[in-house]
Amino acid sequence: MTKTIVRVTVLVILLVITGGLLVMTAVAAVSSSSGTSNTLAGAVAAAQNSLGADQVTSVKQTGATLQLTIASEDSFSSAVARWYGKILGRQVVSQIAPADGALPISQIDEVDASGADINGGPESVTSLVRTDPLPSGECEGVASSNAADAQVLVKTVKQIEVLGGGCIFVVTPEIDPSSFVSNAGSYLGALIRSIPDRRSHPSLIEVVGADNTPLLLLGWIPGVGGAFGQGVAWIGAGSQSSAVLGTTPSHRIGN
Amino acid sequence: MSLRRSLLGFLLCISTALSCAQLANAQNGGQAARYTTGGGYLGTRATISGSGATNSTGLVFAAVAIQDNVSGGTKMLQIGELQITYDDYANDCNQALNVVGIAVERTTDGVNYTCDFWSTADTRFGVNHRIAVVAPGSGGWDAYLDGNRLEGPFTLGMSGGYPIARAEAFWTTTAPSYNVTWGPSGYTPWQYTTNHGNTYTTIVNSGAAASSSGWNLDNTPSPFRIYR
Chain C
8 MTKTIVRVTV LVILLVITGG LLVMTAVAAV SSSSGTSNTL AGAVAAAQNS LGADQVTSVK
68 QTGATLQLTI ASEDSFSSAV ARWYGKILGR QVVSQIAPAD GALPISQIDE VDASGADING
128 GPESVTSLVR TDPLPSGECE GVASSNAADA QVLVKTVKQI EVLGGGCIFV VTPEIDPSSF
188 VSNAGSYLGA LIRSIPDRRS HPSLIEVVGA DNTPLLLLGW IPGVGGAFGQ GVAWIGAGSQ
248 SSAVLGTTPS HRIGN
Chain X
379 MSLRRSLLGF LLCISTALSC AQLANAQNGG QAARYTTGGG YLGTRATISG SGATNSTGLV
439 FAAVAIQDNV SGGTKMLQIG ELQITYDDYA NDCNQALNVV GIAVERTTDG VNYTCDFWST
499 ADTRFGVNHR IAVVAPGSGG WDAYLDGNRL EGPFTLGMSG GYPIARAEAF WTTTAPSYNV
559 TWGPSGYTPW QYTTNHGNTY TTIVNSGAAA SSSGWNLDNT PSPFRIYR
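Chain order of the listed sequences is C and X. According to the working numbering, the residues represented by the first sequence are 8 to 262, in order. According to the working numbering, the residues represented by the second sequence are 379 to 606, in order.
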């Protein structure tokens, strides 16, 4: 009886070891076939280089969570950095994902320099919808075509190449800033309406005053949060905007 | 030829002027809500049904929420049905696309908002989905759709809050026909929980608020409508 138990135990251990080796072999095979960015460090470096941004100061993987440390100078720049962080994180996940679509990293989390969570907790990595890359110059074209209808002066336009390509706009309202923010849903919608397949591409709109005072931020990150993706917004404390659910026009009801 | 060019130019001017005039129109809309008269609750839920956005150019939203205050709060988690009927309308939950879906929005500071957008099998608005925000005993806050946890737990920095039944609508040209019921007969009423969702109690007493004219709110308990 004792011998039988020992034999069964040994057999189970051997099976576990064999299974583990098979998994490790599979991971190694995937890694070697997915290009130069197949390590975490390589993928982070490539994404940082492509984004041309330094808002993410460190990236590490803990279990199934990719944790990003976000630089933070002030509230608005932190919001911008958080968008960059999520874009970078999602790009990294897409670069080191196994070819069969199974994601070894299932969550992305952002923390500040002290390690404190700034996002309410980790967020799920969701599927990316395959889409055609944005053609070169697409964001410039979108901005020039729609700025007038959007009632904005476009200060800068940047096109990023990660996640199928995305647009980053910095704009200044050409109408009263408070009126613009209050009604931003239609103005910012007019600005981005001609981005092709826009729910599958990242976007970031920074709305600043003529003196560069932050007024509003609206961003989109595909492949994070919901099945359709995730939107992020920054709005000045107590302000209201039709571009941010729950804030308008009587912030958080009851005044 | 010259006459044709003049006519074309004239028509373009009219077209452009109309387009600009539409955008220049003051945007309409706002929100209305029922809220509990006290806080500290650990969750809220309701089935919602109804209609909205007929002939509209904007969005309609019907949600339940937990927030830290009903006046100037800064922490919130809400889940609701969102319908956008205008491709030129962007917000933190969607990218200016004509669509119906489930939005889960949260904020921990009243400044940064995060909104996840989900599809549903039935893409119609107001078809008896049960939505809930609950604090599980293990910490944080979860968003539920039809009895299944959709997202969470999120650490919002509040241990309890005010249950909210929230309606929102915005439009640029034509107002929607918003008519939504929280807790229609035969379905889950608008309720709160004080024990992490183990049991729920139907909310009878509530306050009402509307941020703009045109909103009508029936009295609680469910079924009650918010409509315009």
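Don't read these hints as lab results, they were simulated from the structure. A quick note: this is a predicted structure, and the numbers were derived from the prediction, not measured. Beta carbons: idealized from backbone N, C-alpha and C, even for Gly. Certain hints may be false.
[What the hints assert, rightly or not] Some chain C residues near chain X, calculated using beta-carbon distances under 7 Å:
| # | residue |
| --- | --- |
| 1 | A78 |
| 2 | A234 |
| 3 | F235 |
| 4 | W241 |
| 5 | A244 |
For this session: Would you list, in rising numerical order, the hints stated earlier that this structure does not obey?
Result: 1
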